[in-house]
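*Asks:* Could you put together the complete structure from these sequences and hints?
Single-letter residue listing:
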Amino acid sequence: MSNFSLTASILKRNEEGQSAFIPYMMAGDGGLDVLHERISFLEEAGADAIEIGIPFSDPVADGEVIQEAGSRAIKRGVTLRKVMSELQAQLHSIPLVVMTYLNPVLAYGVLEFVEDCDLAGVKGLIIPDLPHEERGLLSNALIGKDIALVPLISLTSSPERIEKIARNAEGFVYAVTVNGITGVRSSFRSDLMDHLSDLRSVSNVPVLAGFGISTSKQVRHFSAITDGVIVGSAIVTAFHEENLEKIQTLIKAGRTAVSQ
Amino acid sequence: MIQTVEGKGRYGRFGGQYVPETLMEALSELEEAHDSALADPEFIDQLNGYLKDFVGRENPLYFAERLTEAAGGAKIYLKREDLNHTGAHKINNALGQALLAKRMGKRKIVAETGAGQHGVATATACALLGLECVVFMGKEDIRRQELNVFRMELLGTRVESVDKGAGTLKDAVNEALRYWVAHVEDTHYILGSALGPNPFPKIVRDFQQVIGQETKRQIVEKEGRLPDAVVACIGGGSNAIGMFHPFVEDENVALYGVEAAGGGISTGKHAAAIAEAKEGVLHGAYMYVLQDEDGFIQEAHSISAGLDYPAVGPEHCHLHDIGRVHYTSATDADALEGVQLLAQKEGIIPALESAHAIHFAFDLAQEMQPDEILVVCLSGRGDKDMQTVRDALGGGVQ
Ligand SMILES: Cc1ncc(COP(=O)(O)O)c(C=O)c1O
Chain A
65 MSNFSLTASI LKRNEEGQSA FIPYMMAGDG GLDVLHERIS FLEEAGADAI
115 EIGIPFSDPV ADGEVIQEAG SRAIKRGVTL RKVMSELQAQ LHSIPLVVMT
165 YLNPVLAYGV LEFVEDCDLA GVKGLIIPDL PHEERGLLSN ALIGKDIALV
215 PLISLTSSPE RIEKIARNAE GFVYAVTVNG ITGVRSSFRS DLMDHLSDLR
265 SVSNVPVLAG FGISTSKQVR HFSAITDGVI VGSAIVTAFH EENLEKIQTL
315 IKAGRTAVSQ
Chain B
2 MIQTVEGKGR YGRFGGQYVP ETLMEALSEL EEAHDSALAD PEFIDQLNGY
52 LKDFVGRENP LYFAERLTEA AGGAKIYLKR EDLNHTGAHK INNALGQALL
102 AKRMGKRKIV AETGAGQHGV ATATACALLG LECVVFMGKE DIRRQELNVF
152 RMELLGTRVE SVDKGAGTLK DAVNEALRYW VAHVEDTHYI LGSALGPNPF
202 PKIVRDFQQV IGQETKRQIV EKEGRLPDAV VACIGGGSNA IGMFHPFVED
252 ENVALYGVEA AGGGISTGKH AAAIAEAKEG VLHGAYMYVL QDEDGFIQEA
302 HSISAGLDYP AVGPEHCHLH DIGRVHYTSA TDADALEGVQ LLAQKEGIIP
352 ALESAHAIHF AFDLAQEMQP DEILVVCLSG RGDKDMQTVR DALGGGVQ
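Line by line, the protein sequences are chains A and B. Sequence positions in the first sequence follow our numbering and run 65 to 324. Sequence positions in the second sequence follow our numbering and run 2 to 399.
In short, the hints are calculated from the structure, not lab data. Be careful, since some hints might not be right.
Each computed EDC-like pair below joins lysine to aspartate or glutamate, with the alpha-carbon atoms no more than 20 Å apart [claimed, not checked]:
#1 K76(A) to E108(A)
#2 K270(B) to D293(B)
#3 K203(B) to E26(B)
#4 K139(A) to D164(B)
#5 K165(B) to E128(A)
#6 K281(A) to D255(A)
#7 K165(B) to E147(B)
#8 K140(B) to E128(A)
#9 K217(B) to E250(B)
#10 K203(B) to E197(A)
#11 K140(B) to D392(B)
#12 K146(A) to D182(A)
#13 K217(B) to D372(B)
#14 K203(B) to E33(B)
#15 K228(A) to E197(A)
#16 K146(A) to D295(B)
#17 K228(A) to E26(B)
#18 K310(A) to E101(A)
#19 K203(B) to E30(B)
#20 K103(B) to E133(B)
#21 K139(A) to D293(B)
#22 K109(B) to E32(B)
#23 K228(A) to D295(B)
#24 K165(B) to E132(A)
#25 K139(A) to E294(B)
#26 K203(B) to E222(B)
#27 K9(B) to E197(A)
#28 K209(A) to E176(A)
#29 K9(B) to E33(B)
#30 K146(A) to E294(B)
#31 K9(B) to D36(B)
#32 K217(B) to E373(B)
#33 K140(B) to E132(A)
#34 K279(B) to E176(A)
#35 K9(B) to E224(A)
#36 K146(A) to D293(B)
#37 K139(A) to E300(B)
#38 K139(A) to D295(B)
#39 K316(A) to E79(A)
#40 K270(B) to D295(B)
*Replies:* Right, dumping it as structure tokens:
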């Protein structure tokens, strides 16, 4: 598979001269019964794809906000299996990207999970604890499916690794903008601009920036220098506080012209 | 069952590197540094010098005569890791990794701790070598091991309390990993057991192997031959792999690993991941892991904070699969019996962790012949557990 609908959705936005916006939401925070409502809200607000976070007992790549949202969902009994069956119950036209740690997928069974993703209209997977070298665990099961296994590239990845990962990337490249976990940041490293532009020059797929991006100002800043941004903790907090306007504002901030 | 990618850093289908991308360069840098250090005679001399003059190695292989008599079977020897500086085998690894960090030019250290033994060992090694150290420790463990927190602080280490989850070792590792991801460029993570992503299980084994190597030399000196059986307790598996590894090729030496059965395997409140036989990924490695049917990792339960971890290091998982090591378990009650038994028969108060091994070994010795030899790894001393043991015994000795 090389023409992923996930990539197409991002490129479509880029072709309009704008940067793409992918919000992250924690599935089951606020209850599974609001899942579809929230997906539809994000779609109408102008998102180009939606990351659906799956709660996990040991989310080592996540900061406080997403950890707490995950704990709230777990307290409500939300699991990967329940999210998958809820997603299958009502399909959406916007591409959904499931972000989950590896162990729930292994417990589910890789083949069955991929089948269910297909039935649920999931167009991409992000697995933060599955680095490039270990991706064979899933990629074989994904052959022939319109489900992109989206890789992460970090500030610590060496030029050789960046090239290797970017060359094989599916969907988009998730450029991690901080050394650290998800969450809110007030500042970023000064060499980040160079890193992102290097990344864009070696990647065949769009490069989206994520981790730590939480204000409209930051969204505008990164939208101008990448093919798109991913906002997690700020969206999760806004949903939790039922501040839907804040989400609309963030997505609007993402409608920034990309520099080529 | 899954198909893992065979290759580097694997033990059969176990092990691997299931970590965020941010750590991948640090792991390969660490692997290179470790390989080059082990090949450098100067590094080895330096390490051995500290092991001898600072840790107090080699420690004795002690014939436990009255314990042997009481069992009425095999001769029981104790490998006295409890006599090491800081009171357990943990210092072997902490010191080795601290020297490695210094060699890599990293002057900051992060570590997790359960019982506090690894935290104290790491704090000690950092004080010795002038490194800055932060240790993450679960809130519940801080309560159980208050004095170890003070020891670490006295040694100049900052102790961070972790109140997530059950506030035990698993949660402390999560927090230490998050901290490492954020500080990876100038900080080394000294993992305390034979766990985690490659190359950690190998590094920890390499620095703990001294236990088995000395034991082998000492038993041949005393008895003119290798033992028939070797027993060690299993938390993440570092004292056990250090003891077992030099014996793995010696097929006539039976190897026994003792997991913590907590309140009993059937109660579900235990830490016996191999007994439970569910496979999965935790903290960067594919292992046997306690988990529910949705893949959520479960809390482990054991009276000993050092065994209170829901998985077992990848090399042990493999040694179990190929049948080279027999894995069994001992309950909290067994361990308490083991503490009293060793205290009263030999005048040695063992750590609660080690007492699991003592209890099983005592039973095993009874089934063996008087001309047979059994070695137990006495991984640590019991000073840290006095409060816990007294409370568990209802304030008095039974
Ligand atoms: C004395 C002692 N023995 C054993 C252990 C268990 O660890 P491992 O299985 O890595 O040897 C600990 C852990 O804290 C310990 O303090």
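*Asks:* Now look at each hint and say whether the structure bears it out.
*Replies:* Hints, verified against the model:
The straight-line distance between the Cα atoms of K76(A) and E108(A) is roughly 16 Å, inside the 20 Å bound, and the hint therefore holds. A hinted pair counts as satisfied when its Cα atoms are at most 20 Å apart, and K270(B) with D293(B) qualifies at roughly 13 Å. Annotation: proposed proximity of K203(B) to E26(B) holds, straight-line Cα distance about 17 Å (limit 20 Å). A C-alpha spacing of about 17 Å is found between K139(A) and D164(B), which places the hinted pair at or below 20 Å, so the restraint holds.
Using a Cα cut-off of 20 Å, the hinted pair K165(B) and E128(A) holds, with the two alpha carbons roughly 10 Å apart. Annotation: proposed proximity of K281(A) to D255(A) holds, straight-line Cα distance about 19 Å (limit 20 Å). Restraint check for K165(B) and E147(B): the C-alpha separation of about 18 Å stays at or below 20 Å, so the hint holds. The straight-line distance between the Cα atoms of K140(B) and E128(A) is roughly 17 Å, inside the 20 Å bound, and the hint therefore holds.
With a C-alpha separation of about 12 Å, the suggested pairing of K217(B) with E250(B) holds against the 20 Å cut-off. Proposed proximity of K203(B) and E197(A) is supported: the alpha carbons are some 19 Å apart, at most 20 Å. Among the hinted pairs, K140(B) with D392(B) is consistent with the structure: their alpha-carbon atoms are about 19 Å apart, no more than 20 Å. For the hint pairing K146(A) with D182(A), the CA-to-CA distance comes to about 15 Å; that is within 20 Å, so the pair holds.
Simply put, K217(B) and D372(B) have alpha-carbon atoms about 18 Å apart, close enough for the 20 Å limit, and the pair holds. Distance restraint check for K203(B) and E33(B): the Cα-Cα separation of roughly 12 Å lies within the 20 Å cut-off, and the hinted pair is therefore satisfied. For the hint pairing K228(A) with E197(A), the CA-to-CA distance comes to about 10 Å; that is within 20 Å, so the pair holds. Note on K146(A) and D295(B): the hinted pairing holds, with a Cα-Cα distance of about 10 Å set against a maximum of 20 Å.
For the suggested pair K228(A) and E26(B), the alpha carbons sit about 13 Å apart, so the restraint of at most 20 Å is met. With a C-alpha separation of about 17 Å, the suggested pair K310(A) and E101(A) falls inside the 20 Å cut-off, and the hint holds. Simply put, K203(B) and E30(B) have alpha-carbon atoms about 14 Å apart, close enough for the 20 Å limit, and the pair holds. In summary, the hint linking K103(B) to E133(B) is supported, as the alpha carbons are separated by about 11 Å, within the 20 Å threshold.
At most 20 Å may separate the alpha-carbon atoms for a hinted pair to count; K139(A) and D293(B) meet this at roughly 15 Å. Distance check on the hinted pair: K109(B) and E32(B) sit about 18 Å apart at the alpha-carbon level, within 20 Å; holds. For the suggested pair K228(A) and D295(B), the alpha carbons sit about 33 Å apart, so the restraint of at most 20 Å is broken. For the suggested pair K165(B) and E132(A), the alpha carbons sit about 10 Å apart, so the restraint of at most 20 Å is met.
A distance of roughly 16 Å separates the Cα atoms of K139(A) and E294(B); the hinted pair therefore holds under the 20 Å criterion. Between K203(B) and E222(B) the alpha-carbon distance is near 29 Å, which puts this suggested pair outside the 20 Å criterion. Taking the CA atoms of K9(B) and E197(A), the gap is about 10 Å. The hint holds against a cut of 20 Å. With a C-alpha separation of about 13 Å, the suggested pairing of K209(A) with E176(A) holds against the 20 Å cut-off.
For the proposed pair K9(B) and E33(B), the alpha carbon gap of about 13 Å is at most 20 Å, so the pair holds. For the suggested pair K146(A) and E294(B), the alpha carbons sit about 12 Å apart, so the restraint of at most 20 Å is met. As the CA atoms of K9(B) and D36(B) are separated by approximately 14 Å, the hinted pair is consistent with the 20 Å bound. Annotation: proposed proximity of K217(B) to E373(B) holds, straight-line Cα distance about 15 Å (limit 20 Å).
With a C-alpha separation of about 18 Å, the suggested pairing of K140(B) with E132(A) holds against the 20 Å cut-off. The hinted pair formed by K279(B) and E176(A) meets the criterion: a straight-line CA distance of about 18 Å does not exceed 20 Å. Taking the CA atoms of K9(B) and E224(A), the gap is about 19 Å. The hint holds against a cut of 20 Å. Annotation: proposed proximity of K146(A) to D293(B) holds, straight-line Cα distance about 14 Å (limit 20 Å).
Of the supplied pair hints, the one linking K139(A) and E300(B) holds, its CA atoms being roughly 15 Å apart against a limit of 20 Å. The suggested pairing of K139(A) with D295(B) holds, with an alpha-carbon distance near 14 Å, which does not exceed 20 Å. The hinted pair formed by K316(A) and E79(A) meets the criterion: a straight-line CA distance of about 17 Å does not exceed 20 Å. Of the supplied pair hints, the one linking K270(B) and D295(B) holds, its CA atoms being roughly 18 Å apart against a limit of 20 Å.
Hints 23, 26 from the list above are not met by this structure, while the remaining hints are.
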